[in-house]
Amino acid sequence: MEFWIDMLQAILQTALSPITAAFVIAAIGLNIHFGFTGLMNIGQAGFMLVGGYGFVISVMNGVPLFLALLISVLASAAFALLLGIPTVKLRGDYLAIVTIGAAEILRMTARLANLTPFTGGPSGIQSPKFREQLNALSPLPEGRTSFLGLEYVNTGVDDWWTRILAWGLVAIFLVFTWLLIRSPWGRVLKGIREDEEAVRSLGKSPFSYKLQALIIGGVMGGFGGILMSLPAAINPDGMGRATTFNLWMIMLLGGAATILGPLLGSILFFVLRLVITSVASEYIPGHILSAQQAEILAWILIGLMLMLLVIFRPQGILGNKKELAFNV
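The C-terminal residue of the sequence shown carries number 328 in full-length UniProt numbering, and the numbering is unbroken.
Any given hint could turn out to be false.
[As the list claims (entries may be wrong)] Quick list of in silico lysine-lysine cross-link-like pairs, DSBU-like style, CA-CA up to 30 Å:
| hint | residue 1 | residue 2 |
| --- | --- | --- |
| 1 | Lys321 | Lys89 |
| 2 | Lys321 | Lys129 |
| 3 | Lys89 | Lys204 |
| 4 | Lys190 | Lys204 |
| 5 | Lys321 | Lys204 |
| 6 | Lys129 | Lys204 |
In short, the hints are calculated from the structure, not lab data.
Kindly produce the complete structure, drawing on both the sequences and the hints.
Pasting the structure below:
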């Protein structure tokens, strides 16, 4: 019984984690790229890296917090322009190859030993070095607070203040996306996804709209990178291919071209991994399945679940099958 009580507490802890919120926001951006526009972006982690490092490096060089956020946004938008202008006309697999290649170039560049004074190299940068300004904005009193069985410091590293900010941003981006997709601009995006030539015949420029979508989704990815760095550190290897693939799993699980799909998908993704790992470690003897093997088992089962979902419910949990027409 104690195990299951601890399990419920761990599930709540995972669901409220800033990392979960970071993946929600990055998945919302990816959903704008693929779900609503039909862009096969396999390099969303690159936007997370650019946005995250843009913020962290700026703050560590004495730039005020809100100006550092603006620099992060501009860095993500600039990366989208540099990536999108020559490639956004590509379709399907070609765009996927370019985006994953660009993201990997960024990751390997950030890992360079020569850039250690700026990026921290392979080890990255620990969050206490760049969190001072953020902590200073906290309206919470000093000390620790217990809520729903979870106890954290009010302000600091891995704190309630970070969780409030993270999930507040999730709410803002969800509402923003809902308003954006309901607007005439959003309807043009859906038209491009379904039939680009028809949109062009109406006098609209698919290239322009695709580039705008790439910028907006990329900026959201940048915010995801910032949030991902706040609890512990920013690290280039934490924003590699695996991160992008996890974002795709989250989006497809919750449902592409839905507003709440990234939110549901992210929570389910992290909770499922936690439950499978914990149950396997608790009930399967260590000489049969070690803790490391339990983690591998979790990934295998999640992969199988995703395969079954794509086969039998390709629209995801919240998706609409009518939204699955893609012009790729």
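Cross-check of the supplied hints:
1. Lys321 to Lys89: Given pair Lys321, Lys89 holds - Cα atoms ~26 Å apart, limit 30 Å.
2. Lys321 to Lys129: violated, 47 Å
3. Lys89 to Lys204: Distance of about 15 Å is within 30 Å: holds.
4. Lys190 to Lys204: holds, 13 Å
5. Lys321 to Lys204: Between Lys321 and Lys204 the Cα gap is close to 26 Å, so the pair holds against 30 Å.
6. Lys129 to Lys204: violated, 47 Å
In summary, the structure is inconsistent with hints 2 and 6 from the numbered list given earlier, while agreeing with the others.
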